[in-house]
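Read off the chains here:
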Amino acid sequence: MKHYILNSLIGFGVLAALPSCMDTLDTHPTAEFNEETVWGTKATADAFVLNVYANVLNTGYTGSGSCISWEARTPNCSRSSRVGEGIDNYANETADLSVTPSFSLYRKVNMIFKHATEGNFTDDEKADLLANAHLLRGMLYFQYARMMGRILPVDEVFTAEDTIKCRVSFTENEAESYKLAIGELEQAVEGLPTSSSAGLPNKYAAEVILSRACLQAYAYTKDAAYLDKAIAAAKDVTENRELTADYADMFNNATSTNAEILWAQYWLSENTTISTFEEMIRCAPNIPAADVATTQSPIGVNENKWFDSWGIYWPTQDAVDQYLVTDEATGKAMPWYETSQWKDNVEELDASTLTEVGQVEVWDRTNGTQNQIPEINDFTQTSSKAPVVRNWYRLKEGAAKNISQLMYENRDNRFAASIVYDGCTWTTETVETNLGGNFSMGVRDQRDGGWYNTTTGYMWRKYMPENTPKWFYANKTDYHQCVARVGEAYLNLAEAYLLKGQVANAVAAFNATPRSMVAWHPQRLPPRLRLGRTISASAMWK
Amino acid sequence: MINEGGDLYYSYLRWGKLGSKTGMTEDGKDGGIIRDLNRPVYKMEMTSKRDQLVINQLTILNSAARQFTAPKRYLMGINQSFLDNRAAYGLDNKQNDGY
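So the sequence lines, in the order shown, correspond to chains A and B.
Each residue of the first sequence is one higher than the one before, counting from 1 in my numbering.
Each residue of the second sequence is one higher than the one before, counting from 1 in my numbering.
In case anyone wonders, no lab produced these hints; they're calculated from the structure.
Treat the hints loosely; a few may be bogus.
Example chain B residues on the side facing chain A (calculated, C-beta under 7 angstroms, incomplete) [claimed, not checked]: (1) Y9; (2) R14; (3) K17; (4) S20; (5) I33; (6) T47; (7) Q57; (8) T59; (9) N85.
A virtual CB, placed ideally from N, CA and C, is assigned to each residue, including glycine.
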């Protein structure tokens, strides 16, 4: 994944914003420019800034090409495959992650400060460059602070003669790190405009990141002043920008400029393929028609290897559980297994009696192999920290609907926008993940993640562009990822209020929106917060 | 926010640091072991007729052995070679706890 100047320049909106620098890029090598060229005009300076944004975002915000790996370190997702890429070793602590601070990146950011100050720019141009430089430095400090606690605050451009000055010391502790990061972000908020072209940050995007940093700072320092800062920043966003009613558009439309998106990073199909991002190549499955036939799947596939990817990241049942279902009797949103339609039609069996491979069902394939429920892997390498079989359910006699319908119907719309599940339609295909289904575990012989198929019964839809051509690694596609959006401002606002003990304000922050508290971003709320909008103050943190 | 660049992972760290308020840690204390990062995750298996459902641990390749050690996991390590170089120049080079 390379994020060079050209990549940034062809971002949507950015192209229109920088017409005068294109001659330079057309007539000079794109790999390097001398300082005179870069800082000679505001347009070329902006191009440099955009390139640094791509670099800073790549440290852990968006665009690294493997953001999905962070999800696999939470209960939402598993990285699981036997085809060369196995489990995430950070999640089970068989490997450490370490961070190397990037001095070259510090230098790039500091170059912006230096040339904005010393260059031949108008006051407005200088202010704009400095505001962006503050955001970049603040984001870099924040990212390093949340990863390694103590940071190296490099805030000037060194020369070869600066052998003493360059001996920068680490900050003493997280408190000092966050103080520096948040100071920079606050200056960015002061200087950035309230609107920007798609692909560029604005004041509100910076405020979302500031509120995010303040919450993290509070957790690591216990300095309550950060909660007030988080509230002020998030509130300014919620009071001036709106949530969208079209959640899927923000993620599954490759070229989305949805109004809720305050800042996104965009890539065009000219230099982006399915394999550029693990969020695509490592999240889509591999479904040959011949294997579907061998499995004797009731439904085939419309096109052989329409899905021809190398998926290893799969959403879990834990993630699916977070999306609430509307109870058909009461209209209330609740976990799927607590709805009246589920309880009326399904009985729970004793999970402790499920002890044999194939005890529930065996499915024959034409090549003599079998798929089973449970399968052999279900009884090996189990963890004693939780039940091996969490639940075993069976339809009651005369049930009006099947398990799949009872489980997935009436869900929050964000579920269908985020996760591919049994019975849904995905691009050209009808997806079946039940035993023997065309997208099921074992449709290609192995139920254990061999051959790049789901190991959980689910696949990701979020950040999988619906208008992408066949899911083959070399196929080109537009793509984008959100850096900051309005929804997070509401979440940060509510969390800050809650941490201050102002539960009524926290609830009001949610209820003031078109979406109910339980109807958005459930994974971003602690369990105490996910219980419902009418929860009492004492119950929230109890 | 699900599948949005690590938002949830860092949120878990934040909530773990505030365990006495959020209830996210196993011992109910600030900075304790984060319960959700210290347990297996689950998959679903549904029968061909969609009349039975089993929800069980995802176990392959030792994946059920997820764990979270506190306080180590609240920060990542600093590249040791980087610190060794700093040590060679007499600069501060303290590693984070547990690394």
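Cross-check of the supplied hints:
no., hint, verdict
1, Y9, "5 angstroms, holds"
2, R14, "4 angstroms, holds"
3, K17, "4 angstroms, holds"
4, S20, "9 angstroms, violated"
5, I33, "11 angstroms, violated"
6, T47, "5 angstroms, holds"
7, Q57, "5 angstroms, holds"
8, T59, "5 angstroms, holds"
9, N85, "10 angstroms, violated"
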